[in-house]
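Mind docking chain W on chain A? Use the hints.
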Amino acid sequence: MNRILVSIKRVVDYNVRIRVKPDGTGVITDGVKMSVNPFDEIALEEALRIKEKGLAEEIVAVSIGPADCQQQLRTALAMGADRAVHVQTDAVVEPGSAAKLMLKIVEREQPMLAILGKQAIDDDCNQTGQMLAALWGRPQATFASKVEISGDTAQVTREVDAGLEVLEVDLPAVITTDLRLNEPRYVKLPDIMKAKKKPLETIDPSALGVSTVERLKAVKFDPPSQRSKGVMVKDVGELFTALRGKGLV
Amino acid sequence: MSKILIVAEHQGGKLNAATAKCVHCASQIAGADIHVAVFASDPASVASDAARITGVSKVITVAHAAHANPMAATIAPQLAELAQGYSHVFGPSTTFGKDLMPRVAALLDAPQASDIMAVESATRFRRPIYAGNAIITVEVVAGTQLVATVRTASFDAAQSSTSAAAIESAHPSATLPQHTRFVSVSAARSDRPDMQTAKKVVSGGRALASADNFKILYQLADRMGAAVGASRAAVDAGYAPNDMQVGQTGKIIAPELYLAFGISGAIQHLTGIKDARTIVAVNKDPEAPIFEVADYGLVGDLFQIVPELDKLIASSN
Numbered sequence: 000m001n002r003i004l005v006s007i008k009r010v011v012d013y014n015v016r017i018r019v020k021p022d023g024t025g026v027i028t029d030g031v032k033m034s035v036n037p038f039d040e041i042a043l044e045e046a047l048r049i050k051e052k053g054l055a056e057e058i059v060a061v062s063i064g065p066a067d068c069q070q071q072l073r074t075a076l077a078m079g080a081d082r083a084v085h086v087q088t089d090a091v092v093e094p095g096s097a098a099k100l101m102l103k104i105v106e107r108e109q110p111m112l113a114i115l116g117k118q119a120i121d122d123d124c125n126q127t128g129q130m131l132a133a134l135w136g137r138p139q140a141t142f143a144s145k146v147e148i149s150g151d152t153a154q155v156t157r158e159v160d161a162g163l164e165v166l167e168v169d170l171p172a173v174i175t176t177d178l179r180l181n182e183p184r185y186v187k188l189p190d191i192m193k194a195k196k197k198p199l200e201t202i203d204p205s206a207l208g209v210s211t212v213e214r215l216k217a218v219k220f221d222p223p224s225q226r227s228k229g230v231m232v233k234d235v236g237e238l239f240t241a242l243r244g245k246g247l248v
Numbered sequence: 000m001s002k003i004l005i006v007a008e009h010q011g012g013k014l015n016a017a018t019a020k021c022v023h024c025a026s027q028i029a030g031a032d033i034h035v036a037v038f039a040s041d042p043a044s045v046a047s048d049a050a051r052i053t054g055v056s057k058v059i060t061v062a063h064a065a066h067a068n069p070m071a072a073t074i075a076p077q078l079a080e081l082a083q084g085y086s087h088v089f090g091p092s093t094t095f096g097k098d099l100m101p102r103v104a105a106l107l108d109a110p111q112a113s114d115i116m117a118v119e120s121a122t123r124f125r126r127p128i129y130a131g132n133a134i135i136t137v138e139v140v141a142g143t144q145l146v147a148t149v150r151t152a153s154f155d156a157a158q159s160s161t162s163a164a165a166i167e168s169a170h171p172s173a174t175l176p177q178h179t180r181f182v183s184v185s186a187a188r189s190d191r192p193d194m195q196t197a198k199k200v201v202s203g204g205r206a207l208a209s210a211d212n213f214k215i216l217y218q219l220a221d222r223m224g225a226a227v228g229a230s231r232a233a234v235d236a237g238y239a240p241n242d243m244q245v246g247q248t249g250k251i252i253a254p255e256l257y258l259a260f261g262i263s264g265a266i267q268h269l270t271g272i273k274d275a276r277t278i279v280a281v282n283k284d285p286e287a288p289i290f291e292v293a294d295y296g297l298v299g300d301l302f303q304i305v306p307e308l309d310k311l312i313a314s315s316n
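Here the protein sequences line up with chains A and W, keeping their order.
Heads up: the first sequence at position 47 corresponds to 46 in numbering that gives the first Met the number 0, and the numbers run straight through without jumps.
Heads up: the second sequence at position 117 corresponds to 116 in numbering that gives the first Met the number 0, and the numbers run straight through without jumps.
Bear in mind the hints are in silico, worked out from the structure with no lab data behind them.
Keep in mind that this is a model prediction, so the values were computed, not measured.
It is possible that part of the hints are untrue.
Unchecked claim - The list that follows gives simulated cross-link-like pairs (lysine-lysine, DSSO-like), each with its CA atoms no further than 27 Å apart:
| id | chain 1 | residue 1 | chain 2 | residue 2 |
| --- | --- | --- | --- | --- |
| 1 | A | K245 | W | K199 |
| 2 | A | K228 | W | K283 |
| 3 | W | K283 | A | K245 |
| 4 | A | K196 | A | K32 |
| 5 | W | K13 | W | K57 |
| 6 | A | K103 | A | K197 |
| 7 | A | K187 | A | K197 |
| 8 | W | K273 | A | K219 |
| 9 | A | K187 | A | K32 |
| 10 | W | K198 | W | K13 |
| 11 | W | K198 | A | K228 |
| 12 | W | K310 | A | K245 |
| 13 | A | K219 | A | K32 |
| 14 | A | K187 | A | K52 |
| 15 | A | K216 | W | K2 |
| 16 | W | K273 | A | K20 |
| 17 | W | K214 | W | K198 |
| 18 | A | K50 | A | K187 |
| 19 | A | K233 | W | K283 |
| 20 | A | K195 | A | K103 |
| 21 | A | K32 | A | K193 |
| 22 | A | K228 | W | K273 |
| 23 | W | K273 | A | K245 |
| 24 | A | K233 | W | K198 |
Stated by the list, open to error - Rough simulated footprint, nothing fancy, chain W against chain A, three-plus residues with beta-carbon under 8 Å:
| id | segment |
| --- | --- |
| 25 | 87-98 |
| 26 | 154-161 |
| 27 | 170-184 |
Said to hold, decoys possible - Computed footprint of chain W on chain A, listed as stretches where at least three residues anywhere in the stretch have a Cβ under 8 Å from a Cβ of chain W:
| id | segment |
| --- | --- |
| 28 | 110-123 |
| 29 | 220-232 |
Ideal Cβ placement from N, Cα and C applies to all residues, glycine included.
One chain only, chain A, in its complex shape:
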């Protein structure tokens, strides 16, 4: 079966103002709105569009994390994923471990594509997709803004510093999504009801034989240094004089 695996990470909603705990042990997440990582929503939307074109038959949403991740998996099922796999752990899972866990699911599911967000908006690591591709020994097309599947290959347009790069990759492959790949659909109420009946499987990382021991440990968290507030100028002349005084224009 032509299957697509999609990553779904539970993260602090992008609209939340992030605050570091006063004791420096983390950021405040108590009572904070949690959501699907926006790049993963884009990944799921792309998988849905590929399926709607008749190029894939099943979409499996995968999440790694604590019990509450099931809320985000239910959102993914409501958006249109066919089933969900939850690798349940309370441990901090670094990208290398996440990639190893994803690989186990990939080996079991044998997808034609694994589509992941290019980064999660919490740790901003931008690693898991590339690591999964390496461990799987398959192509990677990161930061995708356009995906065209034809037969056993995909042509992927990538947003790179120089502009747009196009790669052709053999399937199966890993794709990571950039912002302009698509605009994810809104979930409708009846779909939320239907999603409750879709299969959601829970797996323990140890059952997959993967250690989640951290090798890069968090020592402390600090708020960023603030820029001091500047001055308001009243017109262009004053602005020009100020910049000229600093030798900037």
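Leaving out everything else, chain W in the frame of chain A:
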């Protein structure tokens, strides 16, 4: 002792400034021995540039036709082979490095620290998370090989030196995969400075309201010798190409002067400019968050202000 391998980024036979920034970052690790690896179809000129970066003790070249257009899938197995015996493997936090380094890390079974902005020791680094709204200090378990990308906006380029390091060619035995093929790259070629190294950047937001209106910014930028950037909103709306996007998911820059026109200042944008020395914001909305970080703020209509500023600069030159 730390032995650090840095992968060079280059375009058109020229070394990218990001490489010298990685060297500067690596040189902050006490007693570091720093080598640079160049993957190219013809690495000679890039290698000789890299050999003249202060702090580099050796340049290793890997010449292969497959490296004419650098691809992570092709470079990673060879870089992983070269990386044996190094305590650290660094690359720039550009799209080139972001694409490549995790693939190398996975092949080495090494953890990766992304976007390092400060070096505290050979095992301890600081990096931004949550779009720069928090800074995390991370420590790698002693004796573990570490892969990292370097947040180039946090480091000046290491100076070039009059003496050159030795250049050696290597021939890794790793087979190159055939499953990934380069098709094309469409770069908006321009004579303007590269945004990531430009001293001045003029940037526009949604308020520009059309791609055509961006012309007034191009004109001002050309007058000032500046690069041109854009907010995500402006790029999403099609007013500017993706390679102009500044911010969390675009380019992180640290120019001496950043002029933001009609950019409200979403947190994701601000994270891309917070290392700019001087920020100027022009916006109609006096409540726009960009004014919180601006050194100089001016409330007004950019369509009047940009031409006026352009005229003032023109008449004073």
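How the hints compare with the structure:
no. : hint              : verdict
1   : K245(A) / K199(W) : 13 Å, holds
2   : K228(A) / K283(W) : 19 Å, holds
3   : K283(W) / K245(A) : 25 Å, holds
4   : K196(A) / K32(A)  : 25 Å, holds
5   : K13(W) / K57(W)   : 18 Å, holds
6   : K103(A) / K197(A) : 22 Å, holds
7   : K187(A) / K197(A) : 16 Å, holds
8   : K273(W) / K219(A) : 22 Å, holds
9   : K187(A) / K32(A)  : 20 Å, holds
10  : K198(W) / K13(W)  : 19 Å, holds
11  : K198(W) / K228(A) : 22 Å, holds
12  : K310(W) / K245(A) : 19 Å, holds
13  : K219(A) / K32(A)  : 23 Å, holds
14  : K187(A) / K52(A)  : 21 Å, holds
15  : K216(A) / K2(W)   : 21 Å, holds
16  : K273(W) / K20(A)  : 22 Å, holds
17  : K214(W) / K198(W) : 20 Å, holds
18  : K50(A) / K187(A)  : 19 Å, holds
19  : K233(A) / K283(W) : 13 Å, holds
20  : K195(A) / K103(A) : 26 Å, holds
21  : K32(A) / K193(A)  : 23 Å, holds
22  : K228(A) / K273(W) : 12 Å, holds
23  : K273(W) / K245(A) : 19 Å, holds
24  : K233(A) / K198(W) : 26 Å, holds
25  : 87-98             : holds (count 4)
26  : 154-161           : holds (count 6)
27  : 170-184           : holds (count 4)
28  : 110-123           : holds (count 6)
29  : 220-232           : holds (count 10)
The structure fails none of the hints (numbered hints given earlier).
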